[in-house]
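Going line by line, the protein sequences match chains A and B.
If you read the first sequence in my numbering, its first letter stands for residue 1, the second for the next number, and so on.
If you read the second sequence in my numbering, its first letter stands for residue 342, the second for the next number, and so on.
Any given hint could be a false lead.
Unchecked claim - Here are the computed lysine-lysine pairs in the BS3-like style, where the Cα-Cα straight-line distance is at most 27 Å:
#1 B:K642 / A:K220
#2 A:K183 / A:K327
#3 B:K524 / B:K393
#4 B:K524 / A:K201
#5 B:K575 / A:K124
#6 B:K645 / B:K668
#7 B:K561 / A:K307
#8 A:K301 / B:K393
Unchecked claim - Derived coverage of chain B by chain A (criterion: at least 3 residues anywhere in the stretch with Cβ under 8 Å from a Cβ of chain A; other residues may be distant):
#9 549-557
#10 565-571
#11 610-617
Said to hold, decoys possible - With beta-carbon atoms standing in for the labels, derived distance ranges:
#12 A:H155 / B:P618: 29 to 37 Å
#13 B:F673 / A:A233: 48 to 56 Å
#14 B:K443 / A:Q314: 46 to 54 Å
#15 A:R157 / B:A557: 34 to 42 Å
The set of hints was computed from the structure by calculation and includes no laboratory data.
For glycine and all other residues, C-beta sits at the position ideal for the given N, C-alpha and C.
Listed below, chain by chain, are the residues.
2 protein chains.
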Amino acid sequence: MVSLIRRGLTIGLAVLALVVTGRAVAQTDTLPSWNDGATKTAITAFVARVTKDGGPDFVPPAERIAVFDNDGTLWCEQPVYVQLAFGLDRVRAMAAAHPEWKQQQPFKAFLAGDKDALAAQGEKGLLTLVAAAHSGMTTDAYATSVADWLAQARHPRFHRPYNELVYQPMLELLAYLRANGFKTFIVSGGGVEFMRVWAAKAYGIPPEQVVGSYGATQFKIGADSRPVLMKLAKVEFIDDGPGKPSGINRFIGRRPILAFGNSDGDHQMLQWTAAGPGARFLGIVHHTDAAREYAYDRQSKIGKLDKALDEAAQRGWTVVDMAKDWKTVFAFERGGTGASQ
Amino acid sequence: MVSLIRRGLTIGLAVLALVVTGRAVAQTDTLPSWNDGATKTAITAFVARVTKDGGPDFVPPAERIAVFDNDGTLWCEQPVYVQLAFGLDRVRAMAAAHPEWKQQQPFKAFLAGDKDALAAQGEKGLLTLVAAAHSGMTTDAYATSVADWLAQARHPRFHRPYNELVYQPMLELLAYLRANGFKTFIVSGGGVEFMRVWAAKAYGIPPEQVVGSYGATQFKIGADSRPVLMKLAKVEFIDDGPGKPSGINRFIGRRPILAFGNSDGDHQMLQWTAAGPGARFLGIVHHTDAAREYAYDRQSKIGKLDKALDEAAQRGWTVVDMAKDWKTVFAFERGGTGASQ
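Modelling step: build the complete structure from the supplied sequences, incorporating the hints.
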C-alpha cells in the first residue's frame, strides 16, 4: 500500500515535472527566432524586472512605453528606403498627368533615365521628386496610392512585397512586450501617413501609435460638399536624429522605458530614453548578415551606424548581432509569411 | 400548503423583480448626471448601434475613436481660458528673473497693471505674454510649473482648483464610452503639454491620447551631460478650427466616429467626423446655464458658437442644453470632487 502510494506520488511528480517543463519551454518560446545567449537574456531579464509586481524596478503598465525605429529596425531598408522606392515609382506613374515635367528638372532627368543630369540636381533633386509623390492630393487618395503600390511592388533582391521584409524576431519581440503590458510605438524618420497604411497589419501597431515625419495638410470643403484634407508640399517636421525626442514628446508625451533603433538617426532617441529614472532597455539592431540580409554600419549611406555604436559599447546598451542572435531573419525563410502578423 | 407555496412564490417573484429592477437601474445609471430625454437617448442609442455585434452599424473596437474638445466641452472656459490664466500668472511669477521686462512691452504694461497700454498692444501683446510663460525652459521644468500653478490657483467665481471645474456628465460619458470599447481622445486648441500634466487624473485620458497645439522643442545635451528638450518660442501648430482635422490626421491617423465640441473652433472637427461612412455621433455642449455655470454662444469672445450651431440644426447633430440636460454640472455641487475621477 505504501509502495503504491509512493509509486503514485512518483508518477504524480513526473507528471508535474512534465507540466512544469512544458510551461518553461512555452515561456522561453515567446521569442523562438532569437538564439539563446546574452542578447535574448538581456531582453527577457529586463521585462521580468519591470513587470515584477512589488519588485524594486516595477513599472506600472501605463508607463511601459516601448518605441521602435522602423527602417532597418523592424523592416529592411536596403538597398534604398522603401518610401524612396515608392516615391520614385509614383513619379513615374504620375508623369502622364504632368506633361510639364518633361521640361522641368529634376523630373526631366529622372523620367529620361539620365543619371548624370539627375546627380547634378543633388539630394535636393531627389527630395523634390519624392515630395511630388506625397502632395497635391487628399489624404485618402494618398493612402490608396501607398496600398496599391505595396500590393504590386517587389524588393529587387528578395522579389517579395516590401511588407514581407519585416524581421521575424522583432515581430516576436513586439508581441512579447505587448503580452507583458507594454504599449508599442513606431518612432520613425519615415512619413507617418506612409507607415500607417500597412503598420497595423505588419506589426500589430495601430495608426495612433505611429510617430513619424509629416507635411502640412489643409482642410477644404470639396466640390461635392464633403470635407477633405489636402496634402501640401510643405514638410513640417522631420522625425529623425534630434527630432525623435521632440516627436516622442509631441505625440506620446511621456518618456519610453525601452527604445530600439539601428542607426545614428536613432542615437538621440536612445539617449533620451536612457536618461529617464529607473530601469531602461536600449537596443540596436546591428546589420551583420550579408548572407540572409545585409551587412553595413559605419560607412553606409543608408542606416549609418557609427556614434550610436560607440555609445552603446560605452554604456552597455544591447547590440543585436543579426548573424549571431537571429535564428530566422524573415518569416518566408521558413515558408511562412511575415505580413500576416 | 398551496397558499404557503403561493406566498413563497409571490415573495420569490418580488425578490426577483427587485433584483431585475435593481439591475435595470444600475444599467441606465451609467450616465446618472444626465437627465432622461432626447439627448441622453441619442447617446445611448448610438453606442448600442455601433457595439451590437452582427448589427448593420457595428464598428470594431479598434475603430471606436471618440474625440473631445477640452475648453468648454470637458471643463469650464469662462471667464478666460484656463491656460491664459496660467500664462499671465506665470509671467508675474517669472518677472523677478526678467528685469528687462520692466522696459519692454507688452510686459511693462502688464506688470504695471496698465490696462490701456496693454490693450494698445492688441491680441499680439497677449500672445507674446503667454508665449513667454511657455518657452525658454525644459519640458520637465514646464510640466512642473503647470502642476505647481494648478495646485494653488483658484477659479475667480467658484473659488476651486481649475481641475475641479470639469463637467461631471462628461466624465460619465467618457467612462461610459470606454466601458463600451471606445478609445477617448482630447483634441483641443490648448497646448498639448499644458493638458497632459493633469488630463490623466482629471479625465482618465493618458498623455498619448491628448492632441493639441504645440511649439517647437530642441534636443540638447545639458551641462550635466543629461539630454533635455528645450521649449522654444516658435509656435508650430494651432490645433483649432480647420487645424483640428489636421491634428486628428497627424496624431490619431484615423477618422473618429464620435466628436464632441462646444464652439465654432470645433466646427471642422465635427464636419470631418460626420463625413466618414457608417454611424456617426456629433455632439455640441451648449452653454445655457448662467445659474450653475455660464450662458453664452453666438456673441461670446470665448467659445463663440454660431456657425456650428446652425449646421447642428440643419444636420440633426445632438445639441446638449446644459440647463435642461444636465442634472449636475460639477461634482462639487453634490459634495464630491471632480478631480479624482
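Quick rundown of the hints versus the structure:
no. : hint                        : verdict
1   : B:K642 / A:K220             : holds (25 Å)
2   : A:K183 / A:K327             : holds (26 Å)
3   : B:K524 / B:K393             : holds (17 Å)
4   : B:K524 / A:K201             : holds (19 Å)
5   : B:K575 / A:K124             : holds (26 Å)
6   : B:K645 / B:K668             : holds (24 Å)
7   : B:K561 / A:K307             : holds (16 Å)
8   : A:K301 / B:K393             : violated (52 Å)
9   : 549-557                     : holds (count 5)
10  : 565-571                     : holds (count 3)
11  : 610-617                     : holds (count 3)
12  : A:H155 / B:P618: 29 to 37 Å : holds (34 Å)
13  : B:F673 / A:A233: 48 to 56 Å : holds (51 Å)
14  : B:K443 / A:Q314: 46 to 54 Å : holds (48 Å)
15  : A:R157 / B:A557: 34 to 42 Å : holds (40 Å)
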